[in-house]
Amino acid sequence: MNQFLDDFGLSIMVFVPLITGLIIMLIPRAKEELIKQLALGSSLATLGWAILLTVRFDIDNASTLQFVVDTDWITAIGSRYIMGIDGLALPLILLTTLIVPLCIIYSFNHWPEPANPKSFLTLILILETGMLGTFVAQDLILFFVFFEVVLLPMYFMIGVWGGQNRRYASLKFFLYTLFGSALMLISFLALYFLADGTAAGLDVVNTFDMRALSDGATGAIARTSQLWIFAGMFLGFGVKVPIFPFHTWLPDAHTEAPTVGSVILAAVLLKLGTYGFVRIAIPILPEAASAWAPVIGVLAVIGIIYGALGCLAQKDLKRLIAFSSVAHMGFVMLGIATLTNIGITAAVFGMVAHGLITGMLFFLAGSIKERYHTLDMSKLGGLLTDAPRMGWVVAFCAMASLGLPGLAGFWGEFPVILASYSPAAILSESMFRTFMVIAAVGTVLAAGYLLWMLQKAAFGTAGGGSVDLTPGATPHNGDGDDHLPKANTAIKDTTKREWIAWAPLLVLILGLGVYPRLVHEVVEPATEKSLEINVGNIKYDCLELSPSSATDCFNEIRNRNG
Amino acid sequence: MTATIFAAAETSTEAAHQATGWFLDNIWILPLMPALSFFAILFLGKKMRCRGSDPGLLTTGLALAFSIAAGIQWLGSVGEGGTLPVVGEWKWYSAAGFDLSVGTLVDGLTIAMIFVVSLVSFLVHVYSTDYVKGDRRYTHYFAFLSLFTASMLLLVISNSTIQMIVAWELVGVCSFSLISHWWEDKSNSGAGLKAMLTNRVGDIGLLIGVAILFFAAGGTFSVLEINSLALSGGISHLVLLVAACALLAAVASKSGQFPLYTWLPDAMAGPTPVSALIHAATMVVAGVFLVARLYGVFFEGFAIAGSSINLLALIGAATTIFGATLAFAQTDIKRVLAYSTISQLGYMVMALGVGAWTAAIFHLFTHAFFKACLFLGSGSVSHAAGGTFDMRKMGGLKQHMPHTYKTFLIASLALAGVAPLAGFWSKDEILAGTGGWGIFGGTGGNGAYTLMIVMGLITTALTAAYMTRCVYMTFHGDYRGEGHPHESGKRIVVPLWVLAGLATVAGLVNLPKGFQLVPKSWTERFGHFIEPHGVTYFPKIEHATPSWTLGIFSIIVAGAGISLTVLYIKRKQQIAERTSQSKLASVGYNILVNKYYLDHLYSGIITKTVRGPLAAGVNRFDKTVIDGVVNAAGKTSVAAGNIIYNQIDQKIVDGLVNATAIQTEEAGEELRKIQTGKVQHYGSIMFASAIVFTLLIIIFI
Amino acid sequence: MTVTQFVIASAVLFSIGVYGVLVRRSAVMVLMSVELILNSVNINLVAFGALHDNIAGEVFALFVITVAAAEVGVGLALVLLIFRNRKNINIHEVDLMKG
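Chains as they are written, first to last, in our numbering: chain A, 1 to 562; chain B, 563 to 1263; chain C, 1264 to 1362.
In short, the hints are calculated from the structure, not lab data. Be aware that one or more of the hints could be misleading.
What the hints assert, rightly or not - Calculated lysine-lysine pairs in the BS3-like style (CA-CA distance at most 25 Å, straight line):
no.	chain 1	residue 1	chain 2	residue 2
1	C	Lys1361	C	Lys1350
2	B	Lys609	A	Lys496
3	A	Lys315	B	Lys695
To be verified - In silico negatives: residues of chain C with every beta carbon more than 10 Å from chain B:
no.	residue
4	Thr1265
5	Ala1274
6	Val1284
7	Val1286
8	Glu1298
9	Leu1301
10	Ala1313
11	Asn1317
12	Ile1354
13	Val1357
14	Asp1358
15	Leu1359
Since the model is a prediction, treat every value here as computed from it, not as a measurement. Cβ atoms here follow ideal geometry from the backbone N, Cα and C, with glycine treated the same way.
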């Protein structure tokens, strides 16, 4: 059994959703019950399988790849079928496998218009395969294929089940990301031709093997080429993240997407980009990463402030949450840009936390829209009166999103601020300290827009009004409730279905906030390894040297290989 | 770790000894109790018969008992050569360069704080069962009181800066949700919002300060290590100064210091017991506590010893004057108390700024009792006066509610600094601690902060004056409100008396050094037990010996404040009576009544200037400039957000994207004209191009 | 005879073919013109094959003839279908692919 798990565990996890999706396609549309049960069952099975793998996962060796599969795939171009997970991928895999069944539960008997559970579920399952595949792939072409597989189901999900402006939004999403992917593919090909696999112990020169590439195969590439290759990846991943100024697809896509689409988009899809940075761009091209880090840092802090200001200007609840993603992903990118262990670990934590919190906020936005038939914040209000439980959940999530300590969001923010005080030695300290101050200002703005949103949506009464009390007099001694607004009985409080879909997320937001070690412990060794520069068996610490001696260090690697 | 920190302690004459005790070792139980109560109330509260108040009462009662027990064990542990704190540490998470541990730190400061927090919290719980009886969110109210108590206790027992951040933010959230308790009214949720946002502004400083200290101390959050390193010169002065300034922003926002105090008066929108607990006795002193806890950093960063001015003392002094003058301009009793709180917090910060650490904590200790008493008293008054807090609609309540009146009066006198009530002792120690002696003839102190002693004395007079006005308007004269005022119930009156009792006697725990009327072993008990001795994490601070001159002078100042106000109020009534008299008589009468217009000079000109233009000016400054900046910043942010979103984001950034698409589409539009669908057109084009290419090849090759 | 004459004949034939393809309206005439073009190529192939004493020229010509036969077959079938559907074979009216 264990041998079987080691050999086929990952492949089964990745492809079970796809296969179920294909089976569902063959079932007639009329058998809706069967389709629903099958989809839910398979997504739960995938979750169970992922948990099983986690149990088998050797936490003490979180930095090494486990459950590795390595067989021939497309021999003509030297691409191999390599999969494996380490501490970086594990939390994101669990996040993905958790979010998908919750999304299915949330939409149970409750399909977005036009109701078509069969195609909807098929798309979700294909999407799951794409997402999981991206996190486990260890070969650039395999990675690229999965990365692209994600695009199409999401395109259809927005294009078919979206809102008014869905065509525009879906096309924009598709073209934007495709544009980035094209440049990314060019970078991958350039790596293939320029890298020297023999330096990393392979018997071939040209390789797509990510393990070899991050283990010294790229050492001999000229600095200028490295910079260009990194630029290509930067665009490819950056669009997905999204980094300012490539973010404009995000608010449109989120606003138009159906609830479940927004949730998956926010919770997992955005992480594909940041994961790409941590998994591919930085370990493979550390020299270029250090050269690009200031740029990433600048764009990240612009994103933090810009996203927050964007939020303040929004009238639509969903659009506000979408813009807040820009700000939060700015924190993640800032953490990555510091090129330190603390920063990147925090960034990975930030990805998970953002996935949970923003996913949850989109669920809530969907439920609010369902009840009030609008997301215009000037028309919302009084949620706490009409549906108190849901109002408290909104308040809880807003607090989590603004980075309240004790909840998950904090551990993605504070350590990033900490790390930018003292970035990797190769980077300019004063520059990153400036970033730190700007990012800290961003936390205030975050509190501003989230509390403002909370005040608009949850407090007061519907229509943005509030109770008119005689000025100066505050007859609030609990004596009379006569002046208080009556709850709108047409609005239902959180339903059982919603509780089932939300409870795991809420528990995790609190749990990870109180005990962040759950994630840190797995991620940290893997992060440390991803920042190590190994050539063959020799370890270099170029990132921890001052800029001038770092140049010498990188040159030494180049000469050694050349 | 413990060995290295305290190594230096052994060089002193008598080795400091390690405090021990079950309650001290297991202090982590303390915040856990109300935390459990929070969850119990949240999930089960509505089903209970008491609707959620009993778990809160029970756990805060237990917490109080626990605190007292811990206090007794601590008192038993304090040695002459100094006492090492009890440190409990649990590794929460540890990785390369990032050592995250939570833990507890029990020293004198902790003991004082847990006692204040659990006592006031318990009394407020008792009081609230009556005060918010029948409220629609009774259960949530008690849940958040429990959460607040837990967070505050967590804050004061924490041994790491990161744990302090966690608790710091949690108390902020509790404050937010309790201020906006009646969120149906937008102004209440607006006040909550303002409080939270102002605090977040300060939190920038907290996050940055903690980050700086983390790296400066070589990758640790431990307050003991940071303090020890700062004091031993292990961290450069510049770094400490920057860190201290950053942290000062957090202190200013949380403890209502100039210029970030504007949220505190608005926070009075919350229920009155909450104002007493959170916005008077405990949460707002978190900033003072932060300075006291990281005193090594501030002491070295601002070079407090041997100086005559520094930012910390200056901010404190400015705040204390600002708060006191503003208290005059208020008609809402809670707002008077709120400005008074700001003023007193300024006193504490000023005390820390001049190096009078013990005096600051002592004042924090006494202030908690009389200010909580005043707030709870104002709640009782408002209950009686039909729910209003407007003093113009009160008056003459003395006869109707004797218990409330007596306790309120005691607390007011304590606040005003009338001997021998608690406020007198703590305030005078601060004044003595400034070392700005001049004519008063005392000795000691860490520097010569003359400006601070002057500001402190002015505030003493102002405090006495505005409290007199407040008591007079509320309890004396005729009743101006509606309905029939009545004394509140037992559950309100008993807490008032407990607090009033403490406000009377609390001052005796720290009689000044060299106080001749009592044996020497009775003096400076508080300093002896509370101030850390013989340890490396706390600076060696000089204690001042107060003089009789200063004490008497400050009593005179306070007395002058009270009597001038009384005279002013009396004269106003006589002016009203005088209107019926003849012109000639009134001239002579005037001269007599006005005591040759000396009164007029004192009260009419000086007091009026202070009360009128000055207070109004400060009020206007507060409302227009400071609040204006806050509002303008908010509005500008929104406007900038709008501009960026509408102009840059939608037009330029998005425009570029759309332009590419449009260009492609237009190009396609042009090119499609070529595609006629007729084979012969295609053929013609093909052959024509072939000919052109052939010609080109022939010509050029 | 020199190769020039063959090339000239072939060029004339090619030009006639091109003219027919581009100008004639009847699909059948266009097809026949295409045949002319192909055969002009054939003449060239055979002529140059003989000149260089290389059998490949003739082989290629035979190959072209075969392909041309097939092409005519397919072409006439298309013309027939167009005629059935439209009742004429005027290629100017066959412009469904207009962009």
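So, going through the hints one by one against the coordinates:
1. Lys1361(C) to Lys1350(C): 21 Å, holds
2. Lys609(B) to Lys496(A): Within the cut-off at roughly 20 Å; holds.
3. Lys315(A) to Lys695(B): Distance ~38 Å between Lys315(A) and Lys695(B) Cα, so the pair is violated.
4. Thr1265: 22 Å, holds
5. Ala1274: Ala1274(C) clear of chain B: closest Cβ-Cβ about 13 Å, beyond 10 Å.
6. Val1284: It is violated; Val1284(C) is separated from chain B by about 5 Å at its closest Cβ, not greater than 10 Å.
7. Val1286: Not fine: 8 Å to the nearest Cβ puts Val1286(C) too close to chain B.
8. Glu1298: 15 Å, holds
9. Leu1301: Given a closest Cβ separation of 15 Å, the condition holds.
10. Ala1313: 25 Å, holds
11. Asn1317: 25 Å, holds
12. Ile1354: Incorrect as stated: the minimum Cβ-Cβ distance to chain B is 6 Å, not above 10 Å.
13. Val1357: Not fine: 7 Å to the nearest Cβ puts Val1357(C) too close to chain B.
14. Asp1358: Check fails; 3 Å does not lie beyond 10 Å.
15. Leu1359: Its Cβ does come within 10 Å of chain B, the nearest being 6 Å, so this is violated.
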